[in-house]
Amino acid sequence: MSNSENAADTAFPFIVHAPEPEINITVYDAFDQEKGSALGGTLELDLSPGLYTVRSDRMGQIEDEIIRHGGPTETTARLPPYYSPAPLADAKSSHEYYTGPSQRYSHEVTAPPLGDGKQDAQLFVFIRATSAEAFHGGRFNGELSIMDSDGNLITRADESNTTSSTQDGWLAFSAKAVSGFYIARYRIGNFSRDVAVFLPSQWQTQVFLTYHGVVLPQGMRVFLARPSDGFHASDEIIRSVDIALTGLQNDDQRLPGGAMHDALHGKFDNPMLGLLAAHFLLRRETPDADSVATVLANLHSLIPDSPDLAALELISASRFGEPLTSFKVPFPPMLRAGLEAILALSTDHPELVPEESLLDRIATRLLGDSPWSSWESLDYRDANTLPAQETDEEIDWVQAAVLDSLEQILKRGSSYNLNGIARSLGIPERTVNKAIDALDRRTNTDLRGTFRKGLEFLETSLQDDNQRARIREKAASLISRLLK
Amino acid sequence: MPQQPTDYALIVGIDDYPNFRSLAGAKNDAAAFEEWVLDSTQGGGVPTENCHTVLSEPDPVRPIQDDIDEKLEEIQAAIKNKGPTEVRRFYLYFSGHGLSSNRLGMDLCLGKWSRNRRRQALDANDYHKVVAGWGKFSEIILLYDCCRVRMSNAHGRECGLGSPRPDDVTGSDRYFIGYATEFQNLAMEAEVGGIDPSSGQESLVRGHFTSALLAALWGGAARDEGGVPASRLKGYLETVTIEIAERNGHKQKPEVLNGFPKDNEPVFGTAVPASYNVEIRFSPQRTGEMVLVGPDNQEIRRAPATGGPWRLQLSTGLHIIEDTVSGDIQPIRYEKLAGVRNVEF
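Going line by line, the protein sequences match chains A and B. Residue numbers for the first sequence follow my numbering, so the first one is 1 and each next one is one higher. Residue numbers for the second sequence follow my numbering, so the first one is 1 and each next one is one higher.
Bound conformation, chain A alone (with noise of 0.2 angstroms):
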């Protein structure tokens, strides 16, 4: 056949269903010219014969499947393969070796609780190979702990407290424990990432991670269910949070089936739902107030104390141009979406992330790969401890970004803004001051004289071009002797 566009001689319908209404469908032709997509219900088109590709696609995940289309065609496109850590029914990597003793341990305890005081709230972990024949029968390597919300080791994870199987590759750690935050600890080889985990009282916070050689702490899953219910690999709406948590990670903004519906009815049970329906909703160019304060108020019902709600709360008055003053948020949420709100929101109102907090000081160590809060472990009682560095390097990231960003002050003819190089960097403004008096410090230099005061005269009354040549060859001087 000649491969133009106007080849067709007799066109028949082309009728693709989608399998799920968060899915988009797009057909492809054999030349991979889009025919026609359709997110979620129907997509009809008349086509003449040939071969097409139809795609499904849910949240970057894709399936495609190939149609030999000689006459009229209905057909229900594929469903996307799924992964997740938690052994959900329908998820690829799922074997009812791992659904069993994750539903099993998620109703029984392996650890001694947590924490002093009123044990109203639980932790289960599971630790799952993507198969059996991918652990091969091997040992679970890394380190977990959990420590307080002052860095004190709590419990470290360890044949005593967990139980496990070498066969099929899985551990679960179950503990009754009293609610409020903690800090999970991954430890492999050299490298250590710490984790937002806050256990609102009245429910059991379940997290499950996948473990491939080391443990993969940036695809993590955390639910909430009720402790009596436990886990079940079955719920939908587990498989719905599951789904929009990858969607949270990658920008997308839709909330699968009839997640948003519960969520906006009141409907949800499972707190984690009602988190992510408040981001998305709060993601919105124009957010609706009634349907954010429909979500909110759920959750206050349901997990009062917790920085995620925290977070929301400040976030919607951010959008909905109400006063943040009266704002605290004790405690980094586990939602990296709301903890990077927070940090952007501190340099126009520093008091929302106080001095030496725990936020002030995991703010320059931030990991963005996963949709959780996590950040390079730091020794929580040693308050000198500096941004994350490599050894190799004489000054920290954060003093080679301000020093960048003063560079491009510079060659741009900019204002001097410490404000905006902090919301550039997403960091508090008190941190980029901190990094210039240690490069002050480092060098015996004036750098912020040298910047504010000589870039404020130059850009306002110098006239001699000379000297305002002098002033730019100081200060281009001083950033390329401390970049060295």
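These are calculated hints, taken from the structure and not from any lab test. There may be inaccurate statements among the hints.
What the hints assert, rightly or not - Only some residues are given here: those of chain A computed to face chain B with a beta carbon under 8 angstroms: (1) Y28; (2) A30; (3) D32; (4) E34; (5) P49; (6) G60; (7) I62; (8) D369; (9) S424; (10) L425.
What the hints assert, rightly or not - Taking CB as the label site, the calculated pair distances span: (11) R301(B) to S131(A): 37 to 45 angstroms; (12) K251(B) to S326(A): 40 to 48 angstroms; (13) H17(A) to E70(B): 51 to 59 angstroms; (14) Q330(B) to H17(A): 19 to 27 angstroms; (15) R115(B) to S131(A): 27 to 35 angstroms.
Using N, Cα and C, we set each Cβ at its ideal position, and we do this for glycine too.
For this one, chain A is given, so just place chain B on it according to the hints.
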């Protein structure tokens, strides 16, 4: 294609990241794209003096931002006094490491990039704004074969050229942006076999996205009358990048934004639909009849698998080989390879 004096290109390939993880195929990719850009028989036809290529060097580490800004400045100077009919298309191709802070942008990592020097990257959005702000190019083609992994507190440098710029270019409908991956994902590279012509020894490593891009431009996505329309290039990249990645055991889904209207879209080069030689070998488990089907759903060959390998010449467009017993299907498409395309089925 005759030379296109109205077109300009800036091509960057960075393998050398001494303080991070060096790559092996970015310079190869940039050189291969440059070959297409400069080719005046079927390729882009960009005159040599309009094409600026920057390849990395390890010691001292190059390029730095100034190296790239200087090339861009040369292009700016070259078009400054030209009228609307004298300036048409701008290609920016980058192959190297990349990061992304949001869905609509990315940072292109320079050789000095490291976790401590995380501003040693170029803000691709800002460079786009600068070029668009010149108001000269009616077609802006941006191709990024790099990762879009997110890193906190990382934001690339803005373009060093001070020019009046519009606040935002997202409303413009005169651009084509090819990202090798979707936001948050890794772009992969793989050995494609053969000998590196530059060294005569090393295996050639090429990004999956650039492999698909070059196959498309050299005829894989060409229309009958010659040339590759933007809409076909988009579809080809979206399909074939995934297939190449899967064959190498990777997952990689490109994201292509085509801002051109269908009735007035750019056509790249003049390549005609490519033909290529294929050898299809059947697994011993396949014993029934096999069918090769062409893009128009017409059978090209039907024979038992036991009859040995099939040697054929195919043209562009999707073909499938189908096992009539199991119903298994395998797609076959043109890819730019030297010699015979081997298909195991």
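Practice task
Have a go at the A30(A) hint: is there a Cβ in chain B nearer than 8 angstroms to its own Cβ?
Solution key: holds (3 angstroms)
*Go through the hint on L425(A) and say holds or violated, using the shortest Cβ distance to chain B against 8 angstroms.*
holds (5 angstroms)
TODO: Return the status of the interface hint for S424(A): holds when the least beta-carbon distance to chain B is below 8 angstroms, violated otherwise.
DONE: holds (5 angstroms)
Close enough to count: is the Cβ of Y28(A) nearer than 8 angstroms to one in chain B?
holds (5 angstroms)
Open item on the list: Does I62(A) hold up as a contact with chain B if the rule is Cβ-Cβ below 8 angstroms?
Closed with: holds (6 angstroms)
query = Could one say that the CB atoms of R115(B) and S131(A) fall in the range 27 to 35 angstroms?
reply = holds (33 angstroms)
*Does the CB of E34(A) sit less than 8 angstroms away from some CB of chain B?*
Given a least distance of 6 angstroms, the restraint on E34(A) holds.
inquiry  = 37 to 45 angstroms was suggested as the range; check whether the CB atoms of R301(B) and S131(A) agree with it.
reply    = The hint (37 to 45 angstroms, Cβ to Cβ) holds, given that R301(B) and S131(A) are roughly 38 angstroms apart.
Review point. Holds or violated: 51 to 59 angstroms for the Cβ distance of H17(A) and E70(B)?
Key: Holds: the Cβ-Cβ distance is about 55 angstroms, inside 51 to 59 angstroms.
key: Per-residue hint verdict: D369(A), partner chain B, C-beta under 8 angstroms   = Result: holds, 6 angstroms to nearest chain B Cβ.
For the hint on P49(A), just tell me whether its beta-carbon gets within less than 8 angstroms of chain B.
holds (5 angstroms)
- For the range 19 to 27 angstroms, tell me whether the beta carbons of Q330(B) and H17(A) fit it or not. holds (25 angstroms)
Hint check: no violations occur; every hint is consistent with the structure.
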